[in-house]
Every structure is written in structure tokens, then in C-alpha cells.
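K.L.:
Listed here are the chains, written in short residue letters.
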Amino acid sequence: MSRRENPRPIGATRTPDTPRPEKVVPKRETGAQISQIKRSSQIRSWARHHRQVALDSMLRLIRAPFATLMTLGVIAIALSLPTGLYLFLTNAQLVTSNWDGSAQISLYLQQSLTSEQGELLAQQIEKRGDVGEVQFISKEQALLEFKALSGFGEALDYLEDNPLPAVIVVRPASGLLLEQQEELLRDLQGFTGVDEAQLDLAWVKRLYYIMQLGQKAVSGLAAVLGIAVLLVIGNTIRLAIESRRQEIVVVKLVGGTNAFVRRPFLYTGVWYGLGGSLLSWCLLTLSLLWLEQPVQSLANAYASDFNLMGLNQEDTLSLLLLGAVLGWLGAWLAVTRHISAIEPR
Amino acid sequence: MITFDSVSKRYPNGHEALVNLSFQLARGEMAFLTGHSGAGKSTLLKLVMQIEHPSRGQVFVDGQNLSRMRIGQIPYLRRKIGVVFQDHQLLFDRSVFDNVALPLVIEGMEPKEIKRRVQAALDKVGLLSKERLNPISLSGGEQQRVGIARAVVNKPPLLLADEPTGNLDPMLSRDIMHLFEQFNQVGVSVLIATHDLALISRLRHRMLTLGQGRLLQDGFVGEVGV
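Protein chains in written order, with full-length UniProt numbering: chain A, 1 to 345; chain B, 1 to 226.
No lab work stands behind these hints: they were computed from the structure. Do not take every clue at face value.
[Said to hold, decoys possible] Calculated pairs, DSS-like style, for lysine-lysine (alpha carbon to alpha carbon, straight line, at most 30 Å):
id: 1; chain 1: B; residue 1: Lys130; chain 2: A; residue 2: Lys38
id: 2; chain 1: A; residue 1: Lys139; chain 2: A; residue 2: Lys127
id: 3; chain 1: B; residue 1: Lys115; chain 2: A; residue 2: Lys38
id: 4; chain 1: A; residue 1: Lys205; chain 2: A; residue 2: Lys216
id: 5; chain 1: B; residue 1: Lys80; chain 2: B; residue 2: Lys130
id: 6; chain 1: B; residue 1: Lys80; chain 2: B; residue 2: Lys112
id: 7; chain 1: B; residue 1: Lys115; chain 2: B; residue 2: Lys80
id: 8; chain 1: A; residue 1: Lys139; chain 2: B; residue 2: Lys80
id: 9; chain 1: B; residue 1: Lys80; chain 2: B; residue 2: Lys46
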């Protein structure tokens, strides 16, 4: 039975019966057009309801500011820890990237090689793409340098032969990964005339592995704390569902769908996540401000123009988005678990 | 409007609430459902609402076989049924207006249309002046009328009531029943569960009497000699 065939119980006596929106369609229109109009009015009412629910669930949070702030604080701290460590790593990488020029390869040439052959070899090496700067130090230059630096000048004059080999100092191109640097070393080792190639890698390697470890640790921590955010929001939403049990029952009795019942809770979750990540952003920005002065002093002491990097636009957006998604997901987990259990009895 | 075809309902605890019950409520008909408490009145209403499901037999509402209905369809069935509860089931965190508006909000109606309909419904039950109040500040009779306004606001073809006059004095009860009669006069099918025989004996409507889950009597009040 459609409502149309049925006389109106209420409107009939009091108010003139205004037709429902979808019935205002002139008769000439085709069925497709009518269903299109109906559809667009459905979408409008759906969007209107989303707006209302989003606003209403936000107002509910604002009306209980203390409880809301506590939850937001927990979420913010959980998000700030991995994000802060991520910032620390980014800055550390920035510092070390200024240093990676120091990883230089020394090629000790065979004694039999002449200076000209050595120069030629250096030019040849310079043509490679993975090589930055190349410097040829002939046997004579090496001896002079050694005399000047070692303080054995006089003693060395007694030697008949120059015992020092010619050296080619190669700086790898900047931005080369550790594996690529090692590959370069092996290649250079293979050149004829090269006696021994030495890469001063020990500390580069250590630093590299520390950074790698740091990145892994941050990812692990982020995953664990992400789950914590999920659980915090899930639990908060569970309590919200419990406190609105009666409302859920009534809504279901008068024909509310599960989606209708879920909606306010999902929005609440999104607001928690978004609010938490916003608060976390504030915390991080404040900490950076707080650290800026000491870092500057430290950098100055090392005569470096290093500047502390904060969250850029992209990072900020990712943080907010991550918060919102975690909030939605946590709410969704709680809602699917608890709402179907609340049925009218 | 409602058809029960050899319906039995046995609860998980073994209690047989309805036994092989068959009856029909025609479109536009009004009937009372009576019997002692525990006779199965509430269970019958719950089966119509799809709050409970029959153990055997079939229930049809508005031509739809409820046992073939998917769970996702249940909300749309309930939108066709206005229900009045003994305990009103009102929400005390919002105004009278918002309580009555709930079914229309669920249907996604335009705010202007909602306002018009809610005010018409509240006017019908005589509570238009109290739309801004919280229902908790109203008397029992007024709360019940808010519940009725909510049940009819979306103009459902079927109206169910479970002991709607349970806690009210005879005067108020008569007014409430009179409201139901008015809705019935404009074509709404009405089924009212009540044990207030003194009240319904003065009204000339069909009466279904249940006893221990069985249909004991079915006829007009005068005929069955109450």
C-alpha cells in the first residue's frame, strides 16, 4: 500500500496537503527524469543529514570539554611520540648529509706507474657518473706533504727512493647509498694500476646502520601507538554507545537503519582523531620552538648553519589525515561490535 | 493489513507465548487485543514489528511475508508502522518537538516539511504549546500523547499500541482511545493491546481475546458478551 492511497490521519483535518517534493514533477516528464529528480533529492537529504550529524557530534564533544580534552590529550601524546622521533631522524639525516663528503676513497697506485699514467687514470675515473671530485697526488707531492706534516723531513732525505705511492683521492658523488659506494670501491679496485683502494667506511657504516635502526624503531613505535590510538578511540566510542543505548533502541524502533545509527559515532571518532592530531601538531610545534635556541647555539659552536626542520605542509597534512582515519577506524570497530547487539526487546 | 498464518512463538527459555495463532486485520480496520498479562499480546505486537520472529507459521504485514524479509529491510517495514508504547519510549535529552520529529529525520525529510508535520501532529494531540519543553516535565498523559504524535507523524498505514492507557486515569484513557478512533476514521489500521476491558466495552470495535497464546474469542464487543 502506498501512502498516497491512504487518507492522511493528521494533515487532513488541519493543514492543506502539500505534496511531497518528489511528487511536484509534471506528468509529462519521463520515468527516468522523475527517478533522477528523486535521486538528487535523496542525495541532498543524505548530505544534509551528514552535515547535521557532523555538527551535532562535534557539539556533543564541545559540551563535555574536560572529558573530550582528556581523550584528545591521550591521542595527541600517542601521535606525538612517533612523529617527534620522525622529526628527530629527519634532522639527523640532514646533519649527516652535510658530512657524507668526508667518505672519500683513496686509491694507492702501483709503484711502477708514472705520473702521466696516474693523471690519465684520474681523468678516466672523473668521467664516471657516481664520482664527484677526483684529485691526483703524485709520488713527489705525497712526499712533500708527508715531510711537511710528519716532521721527519730531514730523515727522509737519506732515503734513496721515494717509498710513497702516488694516490688518487676520489669523493663519491653526493647522495650515493652505502651499497653504491661499496660498488664504486670494488670497481675502482679493479682498475689496472691500482694497488689498493681504501674507503673510509667504518663510521659511515655505523652511522648508516644507526639511522636504519632508528627508522625501524620509529616505524615499530608508530604502529604500536597507532593501535593504541585505535583502542583509545574505540573504547571512548563504546562508552558513548552505552550512554546512548536508549536512543539507539528508539531510533531502531521507529525505522532507523544501522547506517543511521552508526553515523554520529563514526563522526565522533573522526573528530577525536582529527582533534588529537591537531593537538599533537601543536605539541610538536611548541617543542620545536622550545628546542630552537639550544640547537642554534650548538650549531653555531660547530660553525654550522644548520637549522631545525619542523613539520612541512605535507607532513602536517599526513598527520591530520592519519588522525582522522585512525579515529574513523576505531569508531567503526567499536560501532560494528556493539550496535548490532543493541536491539529493541 | 496484518495476517497471522498458524503462528507459534516459543522463546529460548521454553515459554510458549503463541500457539498456532491465525487471524487477519483488514486494511483500515480497528481492533483491540485483550487477555491477561502473559497471554501473548506483547509477543504478537513484537512479531509484527519484527522485534521477534515466529518459531513456526508466517506473518504478513501490508502484503509482505516477514519471514522472507532481509534484515536490511526491517527498518523500512518499521517506518510503515507507528507504535505507541506503555512506557512511551521518549528521549529525555531533547525537546518534545525533536522527539516527534525523529521518524521524519530518519526518513531524511526537509526541515521545513518536518516542522509542518510535527506541528500538525502535536496540534492533533493538543500539545502544540509544549513543543519546546523537555518531555520529562510533562505529565504521564501528556507524555503518552507525545508518543502518539511520534507514532503518527509520518502517516503510517498501521498503528500499533501496547497498553497505551496503562497508567492513566479513566478520563484520560477515554481521550487517548478517542484519538486512536480518529486516526482510524481517516483510514489507518489500528491494533491496540490492552487489558482495560471496562474502557473498551463502551467502544464498538472488534476484539481479539488471547489466552495462553491461543485465540479464545474474535468478534465485536457486543457480540462476545463482555
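K.L.:
When the hints from earlier in the document are held up against this structure, which numbers fail?
P.N.:
Hint check: 1 and 8 fail, others pass.
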